[in-house]
Amino acid sequence: MKELGNMLELKNMTKILGDKLILKNVSLVLNKGETLAVIGPNGAGKSTFFKCTVGLLQPTSGDIIIEGQKIQKNSAEIKRKIGFLGHESFLYNTLTPMENLKFYGKLFKVKNIDEKATRLLKEVGLHYFKEIPIRSFSRGMMQRLAIARVLLAEPDILMLDEPHTGLDQEAVALLNRIIKQKQTNGTSILIISHDFDQVHELADRVTILNKGRITETIQLTSDIDLPKMKDWYAEAVAQK
Amino acid sequence: MSILIDAWTIAWKDLSNELKTKQTIGMMVIFSSLVILVFSFAFDPTNNMVKAVIPGLVWLITIFSGILGLNRSFLSEHENDCLTGLRSAPIDPSSIYLGKVLANFIVVTVVQVISIPVLFILFDYRFLGAILWFMLIVIVGTFGFIIVGTFLAALAANAKNSEMLLPVLLLPLLSPLMIAAVQGTRIVLENQDISDAISWLQLMAAYDLLFLAACFFLFEFIMEGS
Amino acid sequence: MSKVSGIIDKLLFFTLVPSFFLALWLVFIWSPVERVMGAPQKIFYFHVGCAWVAFLAFIIVGYYSVRNLIKPNMNHHIAAGISAEIGVIFTTVTLLSGMIWGKSSWNTWWTWEPRLATTLILWFIYVAYLFVRKMEGSWENIARLSAVFGIIGCINVPIVFMAIRWWNTKLHPVVFGEGKDQSGGGIAPEMLLTLLFSIFTITVLYAFLMRKGIEIEKMRDTVRRAKNRAISRLAS
Ligand SMILES: Nc1ncnc2c1ncn2[C@@H]1O[C@H](COP(=O)(O)OP(=O)(O)O)[C@@H](O)[C@H]1O
Ligand SMILES: [Mg+2]
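Residue numbers (our numbering), protein chains in the order written: chain C, 1 to 240; chain V, 1 to 226; chain A, 1 to 236.
Be aware that a few hints might be false.
In silico lysine-lysine, BS3-like type, Cα no more than 27 Å apart, as pairs [unchecked claim]:
1. LYS106/C x LYS22/V
2. LYS20/V x LYS116/C
3. LYS24/C x LYS180/C
4. LYS218/A x LYS3/A
5. LYS20/C x LYS218/A
6. LYS102/C x LYS160/V
7. LYS182/C x LYS24/C
8. LYS20/C x LYS160/V
9. LYS180/C x LYS116/C
10. LYS109/C x LYS32/C
11. LYS20/V x LYS106/C
12. LYS22/V x LYS130/C
13. LYS42/A x LYS20/C
14. LYS109/C x LYS20/V
15. LYS71/A x LYS20/C
16. LYS11/C x LYS71/A
17. LYS24/C x LYS218/A
18. LYS71/A x LYS24/C
19. LYS102/C x LYS182/C
20. LYS70/C x LYS71/A
21. LYS3/A x LYS160/V
22. LYS116/C x LYS32/C
23. LYS102/C x LYS22/V
In short, the hints are calculated from the structure, not lab data.
One chain only, chain C, in its complex shape (with noise of 0.2 Å):
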């Protein structure tokens, strides 16, 4: 199912918030129809690099390029490949699923919204509450919905930070068998979390942010099982 070629690469990106050094020359590619995931402990400086990749933190210093082409400050253009799910859902609690949908696809120019809405509030399971206000909902309905607006727009590239939390075992069946469908239409992910299941059974690629620094990848081949990518981890992270 590999594609060959950079989907996203990233260059000495350097991030200092206040007077603190947040990132420090990160670099970092992920290929085409692969999922690379990015753990590390809390604070490591995780969302910080999404956000700075997704434009909507400035980085201080180093450069974005997309399917070989260097991304300008600002550009729409990145926005429209990455499908970004932050720690919020980022939904509008007065509005219904599908209002939040249609909101969404507008803003993303996304033909045939309503139609890719309803099969999406179907997918996620949302279907009977799309005329609900989702005030009412909880956590993890909102964050299926939330996946659900993120996917509406059909990104090249999907960046999901921590999207596990707050979901139950079925949930997190379920975005699992999303993201491994949309890995089979060789869209390109970017996955942080700290559920070591889940990202074993993702991730092509795992890669290690601590303190603002990217110290080790490795690829999970076949002969690497869960408790030996735990025990790596744990030495990766004790070493610093």
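Given chain C, put chains V and A with the ligands in place with the hints provided.
Leaving out everything else, chains V and A with the ligands in the frame of chain C:
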């Protein structure tokens, strides 16, 4: 062009929501009626001085109730961090500003359509001026208020105490507009020489254009997170 | 670098002290007492000087705001803040001296004389600006937001002046016209010289305060950084 479409999408999201709940508009109308009520205790409406305070009151209720709406307009985007969602969409940041200006302007205008007649009725004021000029002055003045107000609401929304911060930031910047608006309104309501009102109208129009350009350009910096 | 800046500080200080006494002498002893108003007219020399610095300080805020938007810079951020703080003080002095002036010459504490009224609005804008700077967040964030507000405020000041002047000429065309505070009409050459000299002195005072303020703020910043570093070292 797509800036305007995106702006309308954002404005319509707010407006359709308002149509459903009618909460903000309802509150604003009630609030401006209460302001009128309080002022009618302060200045005896049967007194002759009413004529003198009416032009000021028109703008006072607009600003006081308008600030309520302005506060909401960006705070509501901070729930679930929706503003970040907008920022991560492939749209020009300025279209967020334009959308909010549009929505706020429509909301405040709707409130005025109700509250200004209420003001005239409660103060038993017979409208004898040129209605078209009056409307023009109200629209141009309100537009300027919303241009600056929306911008500063976005700025103030970054603070914890944004509801308190907004008036402190906004009112000094509005002072020239308010002078012009109140004077223009007075001239029209008292049926004085319309050419004086026109010169005030020109000042307001210049203010609107200048600040629209400045805010449109600077809004990007407010949206840029760090 | 620090050598040069030390020399500038010394130069400012040693210009400031003698000029200050010279200015006082010029104002109170050398310059003639105005015939109509008498001694209270002397306030005028300080009033105009402070007003000039109040507006100058705001222009400086605007200047550093623009620089900060183009490229965020801690030093510019600090400079803008200090200039605003000094500006508030001078604006307050201008307002107070203006009120005393008004009381003694027009027998009223406050008039909507355009310059004075603009100064009042300027005071409010300054205070609002300082409130923006007091917001929570990283300094880049605050620098950006306060710079935006500084620029908007700067654009606003001349419009305020125009609007109030216009309003005035339409409201009270006779009572408060131009040349009310002698600057337009006949002014004795001694008075003019004294005025110019006191403006010069107050401007030097502003420059001196500005440099000292920036220095202190930078020290504070250094201390804060050191503290943060110590905390993060302790934590790890
Ligand atoms: N706005 C901010 N200002 C200053 N420091 C911040 C800000 N946001 C995050 N940080 C710091 O950046 C570091 C990385 O945060 P984050 O990227 O959220 O970590 P995580 O890897 O857990 O997602 C943390 O140490 C945090 O304290
Ligand atoms: Mg995080």
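Consistency of the hints with the structure:
no. : hint                : result
1   : LYS106/C x LYS22/V  : holds (24 Å)
2   : LYS20/V x LYS116/C  : holds (25 Å)
3   : LYS24/C x LYS180/C  : violated (32 Å)
4   : LYS218/A x LYS3/A   : holds (17 Å)
5   : LYS20/C x LYS218/A  : holds (17 Å)
6   : LYS102/C x LYS160/V : violated (31 Å)
7   : LYS182/C x LYS24/C  : violated (31 Å)
8   : LYS20/C x LYS160/V  : holds (23 Å)
9   : LYS180/C x LYS116/C : holds (19 Å)
10  : LYS109/C x LYS32/C  : holds (24 Å)
11  : LYS20/V x LYS106/C  : holds (20 Å)
12  : LYS22/V x LYS130/C  : holds (22 Å)
13  : LYS42/A x LYS20/C   : violated (53 Å)
14  : LYS109/C x LYS20/V  : holds (25 Å)
15  : LYS71/A x LYS20/C   : holds (18 Å)
16  : LYS11/C x LYS71/A   : holds (22 Å)
17  : LYS24/C x LYS218/A  : holds (26 Å)
18  : LYS71/A x LYS24/C   : holds (21 Å)
19  : LYS102/C x LYS182/C : holds (21 Å)
20  : LYS70/C x LYS71/A   : holds (22 Å)
21  : LYS3/A x LYS160/V   : violated (43 Å)
22  : LYS116/C x LYS32/C  : holds (24 Å)
23  : LYS102/C x LYS22/V  : holds (21 Å)
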